[in-house]
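**Student:** Chains A and B, in that order, are what the protein sequence lines are.
Okay, so the first sequence: first residue is 1 according to my numbering, each after it adds one.
Okay, so the second sequence: first residue is 1 according to my numbering, each after it adds one.
Some hints could be false.
Straight-line alpha carbon distances no greater than 16 angstroms define the calculated EDC-like cross-link-like pairs of lysine to aspartate or glutamate that follow [claimed, not checked]:
(1) B:Lys63 with B:Asp93
(2) B:Lys193 with B:Glu143
(3) B:Lys193 with B:Asp169
(4) B:Lys51 with B:Asp177
(5) B:Lys51 with B:Glu176
(6) B:Lys63 with B:Glu76
(7) A:Lys132 with A:Glu217
(8) B:Lys121 with A:Asp22
(9) B:Lys55 with B:Asp69
(10) B:Lys193 with B:Glu139
(11) B:Lys121 with A:Glu17
(12) B:Lys7 with A:Asp92
(13) B:Lys55 with B:Asp172
(14) B:Lys121 with A:Asp19
(15) B:Lys121 with A:Asp6
Derived by calculation from the structure, the hints in this document are not laboratory data.
Chain by chain, the residues:
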Amino acid sequence: MDGIHDMGGTQGWGTVELDPDDPVFANDWEGRAFALGAMAGGLSGTNLDAFRHGLERLHPLTYLQDGYYGRWLACAELLLVDSGVLAQGAVDARARRLMGEDVEEPAQPEVNKPEYERGGGGSLRDIDDPPKFEVGDSVRARDVHVGGHTRMPAYIRGRAGTISAIRPAAVLPDATAHFTGEEPQHVYTVSFESTELWGAEAEPTTLNIDLFETYMEKR
Amino acid sequence: MTAIPQKRPPAPIRTEALEALLTDRGLVTAEAIDGLINRFVNDVGPMNGAKVVAKAWTDPEYKARLMADGTAAVGELGFAGPQGEHIVVVENDEKAHNVVVCTLCSCYPWPLLGLPPNWYKDPAYRSRIVREPRAVLAEMGLELDQDVAITVWDSSAENRYFILPQRPDGTDGLGEDELAALVTREAMVGVAKVHAPA
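With the rest of the complex left out, here is chain A (with noise of 0.2 angstroms):
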């Protein structure tokens, strides 16, 4: 989807602070947040690519204004609802209780975690069909427009660039993050001269990217 997570080449975004005693939490919610995030995936029966949707589901503002492990939280959130593990509000009644309100919870909706085949742990699979691109093929990134998860950033398409190394076949995320099946496909690594992605006056540099084979077409 054409979301606020799709940031390759968006601009307006200031300057890069690097602090190199960044801890790993700030904060000890934070750290919280992140194991919830972790387990979230499992307690709501989804998975990893879900998970990331999550997060690109998010309102923009929720997004950016949360930060990043307050993004975790409300995506861990979104999951368990979706599952039927949490009640639509049921957070936001427990929080007001914490803080001393009297809100009523919401009652306990059916558990309706998704049904679909796993190939197995993890996201690589060995899969039989032969790869369709050679290292040194021309390629374009198709020019597609999904509605749902995809991890081709809109940066990319519809440009030209030359395959230049094989990857292990994984589950392709625009399924799995929608429950339908794993699709297993060939990944490859695909590089683009700046050029070709931002313009004549770009100054010359490479970008390397990893692409699902039905994400290109040879040109």
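Here the structure of chain A is known, so what remains is to put chain B in place on it, guided by the hints.
**Tutor:** Below, chain B alone, put in the same frame as chain A:
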């Protein structure tokens, strides 16, 4: 009209609420949460990656294995796990500089570097490093000569890229542990170089 999110209780309270709801139901325990936090605060972090770099600098056969099959070579040192399914090592030198980003989220080689630092997750880094890497690196304190070729790696699938920085001059007499102490998180993502002790 676009809905604006309503004001919610603050994140620390909502975190406490979510944990309480799940522990009430017996779905999580405080101990499991503490264990996960402890792992990423104390056991997994850039010190793991630094050991890999120091070994590669001092053991040419290890370096050859590392460049050929990163996952297996870091596994020799006991580094494996989530966000490390397929590790690809890329070497920086005087003429070629590589730097890693995840423009879509925050993909990062957890077993080698732990959880990503703030700058890596920041919209400014995620948006700009793919578009104007030389300027962003300079802003972060790394001025590269014009003849250095820059390659940016956007980790958009499950491959995790790990930078083998260039060993600095003046470190010939140092052992693996001393070398590892020089290697920073930033150098292993490609936004800094490793410097010899002053």
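**Student:** Next step is simple, just say for each hint if it's right about the structure.
**Tutor:** Right, here's what the structure says about each hint:
1. Between lysine 63 of chain B and aspartate 93 of chain B the CA atoms are separated by roughly 14 angstroms; this keeps the pair inside 16 angstroms, and the hint holds.
2. At roughly 10 angstroms between alpha-carbon atoms, lysine 193 of chain B and glutamate 143 of chain B fall within 16 angstroms of each other, so this suggested pair holds.
3. Distance check on the hinted pair: lysine 193 of chain B and aspartate 169 of chain B sit about 12 angstroms apart at the alpha-carbon level, within 16 angstroms; holds.
4. Restraint check for lysine 51 of chain B and aspartate 177 of chain B: the C-alpha separation of about 8 angstroms stays at or below 16 angstroms, so the hint holds.
5. Of the pairs offered as hints, the one joining lysine 51 of chain B and glutamate 176 of chain B holds, with about 8 angstroms between alpha carbons and a cut-off of 16 angstroms not exceeded.
6. Taking the CA atoms of lysine 63 of chain B and glutamate 76 of chain B, the gap is near 12 angstroms; set against the 16 angstroms cutoff, the hint holds.
7. Restraint check: the Cα-Cα separation between lysine 132 of chain A and glutamate 217 of chain A comes to about 10 angstroms, which is no more than 16 angstroms; the hinted pair holds.
8. At roughly 12 angstroms between alpha-carbon atoms, lysine 121 of chain B and aspartate 22 of chain A fall within 16 angstroms of each other, so this suggested pair holds.
9. Of the pairs offered as hints, the one joining lysine 55 of chain B and aspartate 69 of chain B holds, with about 15 angstroms between alpha carbons and a cut-off of 16 angstroms not exceeded.
10. About 14 angstroms separates the Cα atoms of lysine 193 of chain B and glutamate 139 of chain B, which keeps this hinted pair within 16 angstroms; it holds.
11. The suggested pairing of lysine 121 of chain B with glutamate 17 of chain A holds, with an alpha-carbon distance near 11 angstroms, which does not exceed 16 angstroms.
12. As the CA atoms of lysine 7 of chain B and aspartate 92 of chain A are separated by approximately 10 angstroms, the hinted pair is consistent with the 16 angstroms bound.
13. Proximity of lysine 55 of chain B to aspartate 172 of chain B is assessed by CA-CA distance (about 14 angstroms); at most 16 angstroms being required, the pair is judged to hold.
14. Distance restraint check for lysine 121 of chain B and aspartate 19 of chain A: the Cα-Cα separation of roughly 13 angstroms lies within the 16 angstroms cut-off, and the hinted pair is therefore satisfied.
15. Distance check on the hinted pair: lysine 121 of chain B and aspartate 6 of chain A sit about 13 angstroms apart at the alpha-carbon level, within 16 angstroms; holds.
In the structure shown, no violation is registered for any of the earlier numbered hints.
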